[in-house]
Amino acid sequence: MDLLLNTLHIASAVFIVGPMAILPMTAMRSMRAGEAGQVASLAKSVYLFSLLSVLVAFFGFGALGMADADEGFSFASTWVWLSIVLYAIALVINLFLVVPAMRSAAETLAQNPVVAAGTKVAGYSRVAMGSGIASLLLVFVVVLMVWKP
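Counting in our numbering, the sequence shown runs from 1 upward without gaps.
What the hints contain is simulated information worked out from the structure, not anything from laboratory work. A couple of the hints might just be wrong.
[Unchecked claim] Derived SDA-like pairs: lysine to any residue, alpha-carbon spacing no greater than 25 angstroms straight-line:
| hint | residue 1 | residue 2 |
| --- | --- | --- |
| 1 | 148 | 73 |
| 2 | 148 | 12 |
| 3 | 148 | 64 |
| 4 | 148 | 45 |
| 5 | 44 | 86 |
| 6 | 120 | 6 |
| 7 | 148 | 65 |
| 8 | 44 | 96 |
| 9 | 120 | 107 |
| 10 | 44 | 120 |
| 11 | 44 | 74 |
| 12 | 44 | 62 |
| 13 | 148 | 7 |
| 14 | 148 | 75 |
| 15 | 148 | 48 |
| 16 | 148 | 44 |
| 17 | 148 | 96 |
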């Protein structure tokens, strides 16, 4: 069971958290190109992947609960609680900063479809900043998961 939960945790991290971190960068390209429909679609995708990323945490909790007692892993381990906090911050940034900025940009582009290529749309900086910070936090989580200080 331990192997199954570890596999589910890692596979879901790759296939759910990966797109959660990368899709906002694709949206920024679409924002620069003035593609309102693409930005709106990517906002929905980022929102969905962000919500689904809770499964990664769920599988991680299961793997932690199934870990051998001699390994000494628990919720009190620094790397575990720090990973949870960093993930929670990244999730909040995505749900309450990045996705709303993407939705706002999609609405702006839909109302003004004649946007010169390369022009920054309102919300572009929030998407860039928020997704960059969230991605860095998720990289720190990966480092903690591998390093286990």
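Numbers of the earlier hints that this structure fails to satisfy, in rising order: Numbers 4, 6, 11, 12, 15, 16 and 17 - these are the hints that the structure violates, sorted from lowest upward.
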